[in-house]
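Chemist: Sequence:
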Amino acid sequence: MKIVLFGATGNLGNVILDEALNRGHQVTAVLRDPSKLATKHTALTVVQGDVAKPASYASALPGNDAAIASLNDHADPANVPRQATLLLETLSQAGVHRFAWVGGAGSLETAPGVRVIDDPGFPDAWKASATAQIEALGVFRASKAPIDWTYISPAAEIAPGERKGSFRIGGEQLLVNAEGHSRISTADFAIGVLDRIEKGDAAKKRITLAY
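Using my numbering, you'd call the opening residue of the sequence shown number -5 and step up by one each time.
Because the hints were derived from the structure by calculation, they are not lab data.
It cannot be assumed that every hint is accurate.
Unchecked claim - Label-pair ranges, simulated between beta-carbon atoms: (1) T79 x G57: 21 to 31 Å; (2) A119 x S29: 27 to 37 Å; (3) A197 x R17: 17 to 27 Å; (4) K199 x K158: 18 to 28 Å; (5) A119 x R26: 17 to 27 Å; (6) S137 x E166: 15 to 25 Å; (7) K47 x K158: 35 to 45 Å; (8) G174 x G18: 31 to 41 Å; (9) P114 x S29: 36 to 46 Å; (10) G174 x Q42: 43 to 53 Å; (11) A69 x S29: 18 to 28 Å; (12) E173 x P117: 12 to 22 Å.
Glycine is no exception: its CB is placed at the ideal position from the N, C-alpha and C atoms.
Using the sequences and the hints, build the whole thing.
Modeler: As structure tokens, this is what we get:
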């Protein structure tokens, strides 16, 4: 498949890039600063572009089968839902039919009507980013764009670790293990993202991945 990837230099985006290339996909990475991407591969094309400025990358989109976005803006989290809006519109106009968005865990439910972000112990330092991702989820759910999007929330804890190749797929509720922990490695999360792109399932839904 031909995949366009936004955020390939991020902690998650770089792992997703490696997973896509290892599976034999052709990847176009759109980056504001291409010099930050160390990966070199014959199936990788790097395009300089800013998500906020569709004209800077629009010409690289036609012909791609799918898109993946792993974006975050710690300096101005409010940009995240705007990025979601722009990409839904721009990808649809370019004829890209499949779109996976790496979302947050803050909107997942821990009990009926109670979200992860509502926990009194939720770190204040994460609230702005979590709120921005909740708003982005609202953008997807309200969108009428003709594109099969999937908003993929990670477990509460996601970090580099073992590539097990097995995990659970959930919906609106936070997935926890027998000890009450919610976690997944970045490598296994990347597997889940590429699986969704390849299988074309979970269209226009939010899902979550965890052990």
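Chemist: Now, for every hint given, state plainly whether the structure supports it.
Modeler: Now for the hints, and whether the structure bears them out:
1. T79 x G57: 21 to 31 Å: holds (23 Å)
2. A119 x S29: 27 to 37 Å: holds (29 Å)
3. A197 x R17: 17 to 27 Å: holds (20 Å)
4. K199 x K158: 18 to 28 Å: holds (24 Å)
5. A119 x R26: 17 to 27 Å: holds (24 Å)
6. S137 x E166: 15 to 25 Å: Since S137 and E166 have Cβ atoms about 18 Å apart, the given range 15 to 25 Å holds.
7. K47 x K158: 35 to 45 Å: holds (39 Å)
8. G174 x G18: 31 to 41 Å: holds (38 Å)
9. P114 x S29: 36 to 46 Å: For P114 and S29 the Cβ distance comes to about 43 Å; the hint holds.
10. G174 x Q42: 43 to 53 Å: Holds, at about 45 Å.
11. A69 x S29: 18 to 28 Å: holds (19 Å)
12. E173 x P117: 12 to 22 Å: About 21 Å separates the Cβ atoms of E173 and P117, which means 12 to 22 Å holds.
The structure shown violates none of the earlier numbered hints.
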